[in-house]
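Protein sequence lines correspond, in order, to chains W and L. For my numbering, count along the first sequence from 1 and bump the result up by 445. For my numbering, count along the second sequence from 1 and bump the result up by 445.
Calculated directly from the structure, the hints in this document are not laboratory data. One thing to keep in mind: the hints can contain errors.
Derived DEER-like restraints, expressed as beta-carbon distance ranges [said to hold, decoys possible]: (1) G732/L - H526/W: 42 to 50 Å; (2) E800/L - P468/W: 53 to 61 Å; (3) R754/W - K447/L: 51 to 59 Å.
Below, a list of computed lysine-lysine pairs in the DSS-like style, where the Cα atoms sit at most 27 Å apart [what the hints assert, rightly or not]: (4) K775/W - K775/L; (5) K775/L - K514/W; (6) K775/W - K514/L.
Given the structure is predicted, the values throughout are model-derived calculations rather than measurements. Built from N, CA and C at the ideal position, the CB exists for glycine as well.
Protein chains: 2
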Amino acid sequence: MKAVRTAIELADGRELFYFDDEPGADRSGADTRDLPQTVGTSQIRWEPLYAEWAVIAGHRQGRTYKPPKHDCPLCPTRPGHASEIPAADYDVAVFENRFPSLSEDTRDNVPTVTDGDFVSRAGAGRCEVVCFTSDHNTSFGHLQPRRVRTVLDAWVDRTCALSAIPEAEYVYCFENRGEEIGVTLSHPHGQIYAYPFVPPRTATAVHIAEEFYAEHGESLQSRLLKQELSDGRRVVTETEHFVAHVPFAARWPYEVNIVPRRHVPDLPTLTEAELDDLAVIYLDVLGRFDRLFTTPAPYIAGWQQAPVRQGRDAWHMSASIFTTRRSNNKLKYLAGSESGAGVWINDIPPEAAAERLRSGRRAHDR
Amino acid sequence: MKAVRTAIELADGRELFYFDDEPGADRSGADTRDLPQTVGTSQIRWEPLYAEWAVIAGHRQGRTYKPPKHDCPLCPTRPGHASEIPAADYDVAVFENRFPSLSEDTRDNVPTVTDGDFVSRAGAGRCEVVCFTSDHNTSFGHLQPRRVRTVLDAWVDRTCALSAIPEAEYVYCFENRGEEIGVTLSHPHGQIYAYPFVPPRTATAVHIAEEFYAEHGESLQSRLLKQELSDGRRVVTETEHFVAHVPFAARWPYEVNIVPRRHVPDLPTLTEAELDDLAVIYLDVLGRFDRLFTTPAPYIAGWQQAPVRQGRDAWHMSASIFTTRRSNNKLKYLAGSESGAGVWINDIPPEAAAERLRSGRRAHDR
Numbered sequence: 446m447k448a449v450r451t452a453i454e455l456a457d458g459r460e461l462f463y464f465d466d467e468p469g470a471d472r473s474g475a476d477t478r479d480l481p482q483t484v485g486t487s488q489i490r491w492e493p494l495y496a497e498w499a500v501i502a503g504h505r506q507g508r509t510y511k512p513p514k515h516d517c518p519l520c521p522t523r524p525g526h527a528s529e530i531p532a533a534d535y536d537v538a539v540f541e542n543r544f545p546s547l548s549e550d551t552r553d554n555v556p557t558v559t560d561g562d563f564v565s566r567a568g569a570g571r572c573e574v575v576c577f578t579s580d581h582n583t584s585f586g587h588l589q590p591r592r593v594r595t596v597l598d599a600w601v602d603r604t605c606a607l608s609a610i611p612e613a614e615y616v617y618c619f620e621n622r623g624e625e626i627g628v629t630l631s632h633p634h635g636q637i638y639a640y641p642f643v644p645p646r647t648a649t650a651v652h653i654a655e656e657f658y659a660e661h662g663e664s665l666q667s668r669l670l671k672q673e674l675s676d677g678r679r680v681v682t683e684t685e686h687f688v689a690h691v692p693f694a695a696r697w698p699y700e701v702n703i704v705p706r707r708h709v710p711d712l713p714t715l716t717e718a719e720l721d722d723l724a725v726i727y728l729d730v731l732g733r734f735d736r737l738f739t740t741p742a743p744y745i746a747g748w749q750q751a752p753v754r755q756g757r758d759a760w761h762m763s764a765s766i767f768t769t770r771r772s773n774n775k776l777k778y779l780a781g782s783e784s785g786a787g788v789w790i791n792d793i794p795p796e797a798a799a800e801r802l803r804s805g806r807r808a809h810d811r
Numbered sequence: 446m447k448a449v450r451t452a453i454e455l456a457d458g459r460e461l462f463y464f465d466d467e468p469g470a471d472r473s474g475a476d477t478r479d480l481p482q483t484v485g486t487s488q489i490r491w492e493p494l495y496a497e498w499a500v501i502a503g504h505r506q507g508r509t510y511k512p513p514k515h516d517c518p519l520c521p522t523r524p525g526h527a528s529e530i531p532a533a534d535y536d537v538a539v540f541e542n543r544f545p546s547l548s549e550d551t552r553d554n555v556p557t558v559t560d561g562d563f564v565s566r567a568g569a570g571r572c573e574v575v576c577f578t579s580d581h582n583t584s585f586g587h588l589q590p591r592r593v594r595t596v597l598d599a600w601v602d603r604t605c606a607l608s609a610i611p612e613a614e615y616v617y618c619f620e621n622r623g624e625e626i627g628v629t630l631s632h633p634h635g636q637i638y639a640y641p642f643v644p645p646r647t648a649t650a651v652h653i654a655e656e657f658y659a660e661h662g663e664s665l666q667s668r669l670l671k672q673e674l675s676d677g678r679r680v681v682t683e684t685e686h687f688v689a690h691v692p693f694a695a696r697w698p699y700e701v702n703i704v705p706r707r708h709v710p711d712l713p714t715l716t717e718a719e720l721d722d723l724a725v726i727y728l729d730v731l732g733r734f735d736r737l738f739t740t741p742a743p744y745i746a747g748w749q750q751a752p753v754r755q756g757r758d759a760w761h762m763s764a765s766i767f768t769t770r771r772s773n774n775k776l777k778y779l780a781g782s783e784s785g786a787g788v789w790i791n792d793i794p795p796e797a798a799a800e801r802l803r804s805g806r807r808a809h810d811r
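With the hints as constraints, model all of the structure from the sequences given.
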C-alpha cells in the first residue's frame with residue numbers, strides 16, 4: 446500500500462510533506478515559529494581545466510551543527526520545542542533544507558556571470574531533508590519494512606517532483622549516517638539534492654552506458670549483473686527482484702550495490718511489487734553494515750538514478766551503500782591519492798568484503 | 446646548489462636515497478635489522494561503467510599505524526631503535542614504502558586476469574616515502590628554504606627515476622599533513638606514487654589541455670593564470686617565477702594553486718632559479734595555511750605534473766594545496782554529495798578564502 450502524502454507550508458514559506466504509513470493522521474498542525482525568510486545565494490562555478498562544476502554556498506557556514514538532543518530540529522514539535530516538523534509525531538517527513546546548497550530562488554537572485562573562461566551561474570535546484578522516523582535514537586536499519594516502503598514512496602514522489610524543476614538535471618537521494626563521515630544531526634535522516642547539472646562521474650558513466658546500450662541492446666549494468674551472478678564470489682544477498690553485491694572494482698572497504706534484475710532507469714519506474722521487495726533487501730543490507738563491526742558502521746547510501754533528461758533508455762538504476770570504516774577502530778581517509786589524484790586505494794579485497802557481509806561474521810580487528 | 450644524492454639498500458632489499466643539503470655527510474651506515482622480504486600482491490581493477498581503475502591492496506591492512514614517538518620508523522636510527530633510516534641524522538631521505546599500494550615486483554607476482562568485462566592487472570608501479578627532516582616535531586612549513594630546495598631536488602630526481610618504470614604512466618608527489626586527514630605517522634613526510642595509469646580526473650584535464658593547446662598555441666593553464674592575475678581577487682602571493690592563487694571554482698574551503706609563469710610540464714623541467722624561487726613561495730603558502738586557524742590546518746599538497754607519456758607539450762604544471770578544515774573546529778567532510786555523487790560543495794567563497802590567506806588574518810570561528 447502506498448504512503449499517504451500531505452503537504453503543508455512552514456513559517457518561512459518552505460514546503461513540508463508528510464508521508465504516512467496509514468491514512469487518517471491529523472496533519473493540520475501549523476508552524477508557529479517566527480522564522481526569518483532565507484534567501485539562497487549559492488552559485489555554481491565552472492572549472493575549465495577539469496570540465497566540472499563546483500557549488501559555492503557561502504551562506505551554509507552558519508548552519509545547525511551538532512545541536513544537543515533536546516534541541517533537535519528533526520524531532521517532533523512538543524511544548525516548549527518547536528522543531529522543523531509542526532506535529533506531535535510523524536512517520537516520514539520531507540522538507541526543504543533551511544540552509545540549502547542549491548535552491549530555486551537563486552534563479553532570480555544570482556546572475557550568470559561570464560568573465561573570460563570563468564563562468565558562474567545560479568545554484569538553482571533544491572535540497573530536501575528526509576526524516577525517516579520521529580524516533581531520534583534509532584537508525585534506518587532498525588525501521589520496519591512498512592516504514593521503509595513509506596520512505597521509498599517519499600523518494601519516488603520527490604524524485605518526480607524535483608525532476609520537474611526547470612534547471613534540475615539530476616536528482617540524488619542519499620543518506621549520510623555517522624559522525625565519522627560528518628553528520629551534524631544525529632536524528633535518522635537523509636537528503637535529496639536536485640543538481641542543475643549531471644554530476645561529472647555520473648556523466649561519464651551515462652555516456653558509457655549509452656554507447657553500450659546502442660551497441661548491444663541491453664544495459665551495461667544488466668551485463669555486469671549477469672557476470673556477478675555467474676561468478677558469485679561478490680554476491681551478498683538476493684531477492685526475487687534485486688541482487689546485492691560488492692562491485693568487482695570496489696573503491697571502498699565495504700561497498701554494496703543493490704541492482705534491480707529488471708532494466709529500469711529510476712525509483713519511480715519500479716512496480717509496487719519491486720518497491721516492497723526493495724524495502725526488504727535494503728533493510729537486509731543495512732543490517733549487514735550495522736553488524737560488520739563492534740559498533741554500527743558509518744555509511745553513505747545513495748541512489749544512482751538516471752539523469753532527468755539524458756541517457757534514460759540506457760541507464761539501469763542501482764543503490765550504492767559503502768562505509769569508510771576499514772576495521773573496528775580505523776577509517777579509510779580520502780587523502781593524497783583519493784582527494785588529490787582521484788585514485789582510490791582499497792585495502793579490503795572485494796571478495797573478502799563480500800564474504801564477511803554475506804556470512805554476517807564480524808570483520809576482525811587488525 | 447643541488448642536493449647530494451647517495452643510494453643505499455635496506456635490509457630487505459628496498460632502495461633508500463639520502464639527499465643532503467651539503468656534500469660530505471657519512472652515509473655508510475648499514476641497515477642491521479632482520480627484515481622479512483615483502484612481496485607485493487596489489488592489483489588494479491577496471492570498473493567498466495565509470496571507466497576507471499581502482500587499486501586493491503589487501504596486504505596494506507596490517508601497516509604501521511600511529512606508533513608511539515619513541516618507535517617512529519622515520520626518525521634516525523639510534524642505539525636501541527633501528528628505524529627505516531640507518532643513520533644517526535639525515536637531511537632528506539627517500540625510500541621504498543614497506544607496505545606499498547603499488548610495487549614493481551607485482552609485475553611477476555600478479556597475473557592479468559580477464560573474465561568477461563572484468564579485468565584485473567598487476568598493481569605495478571612504486572610507492573616511496575619522503576622524509577623532509579630528521580626532526581620528528583617540526584613541519585614542512587618550518588623548514589629552511591635551503592632544505593625545501595633539497596626536497597624539491599629529491600622530487601625532481603624521483604620523478605625522473607619513477608617515470609622510467611616501464612608501467613608508470615603518472616608520478617604523483619604529495620604530502621598529507623595532520624591526523625584529521627588520516628596521517629598515521631606524525632613525522633614530517635610525504636609520498637610519491639608511480640601509477641600504472643593516468644588518474645581519471647587528470648586524464649580528463651590532460652585531454653582538455655591538449656585540445657586547447659592545439660587550438661590556441663598556449664596552455665590552458667597559462668590563459669587561466671593571466672585571467673587570475675588580471676582579476677586579482679583570488680591571488681594570494683607572487684614571486685618572480687610563480688603565482689599562488691585560489692582557483693575560481695575552488696572545491697575545498699581553503700585551496701591554493703601554485704603555478705609557474707612559464708609553461709613547463711613538470712618539476713624536472715624547472716630551472717635552478719625557478720626551483721630556488723619555488724622553495725620560497727611554497728614555504729610562504731604553507732605558512733599561510735599554518736596561520737589560518739588557532740592550530741595548524743591539516744592539508745594535502747600535491748604536484749599536478751604532466752603524465753609520463755601523454756600530453757606533455759600541452760600540460761602546464763602546478764601545485765595544489767588544500768585543507769579540509771573550514772573553521773577552527775569544523776572539518777569539511779566528503780559525504781553524500783562529494784563521495785557519492787562526486788559534486789563538491791564549498792562553503793567558503795574563493796575570494797573570501799584568498800583574502801584571508803593573503804592578509805594572514807585568522808579565519809574567525811563561526
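Hints versus structure:
1. G732/L - H526/W: 42 to 50 Å: holds, 46 Å
2. E800/L - P468/W: 53 to 61 Å: holds, 55 Å
3. R754/W - K447/L: 51 to 59 Å: Cβ of R754/W to Cβ of K447/L: about 57 Å, so the range 51 to 59 Å holds.
4. K775/W - K775/L: This hinted pair holds, its Cα atoms lying about 20 Å apart.
5. K775/L - K514/W: Holds, because 19 Å separates the two Cα atoms, which is no more than 27 Å.
6. K775/W - K514/L: holds, 19 Å
In the structure shown, no violation is registered for any of the earlier numbered hints.
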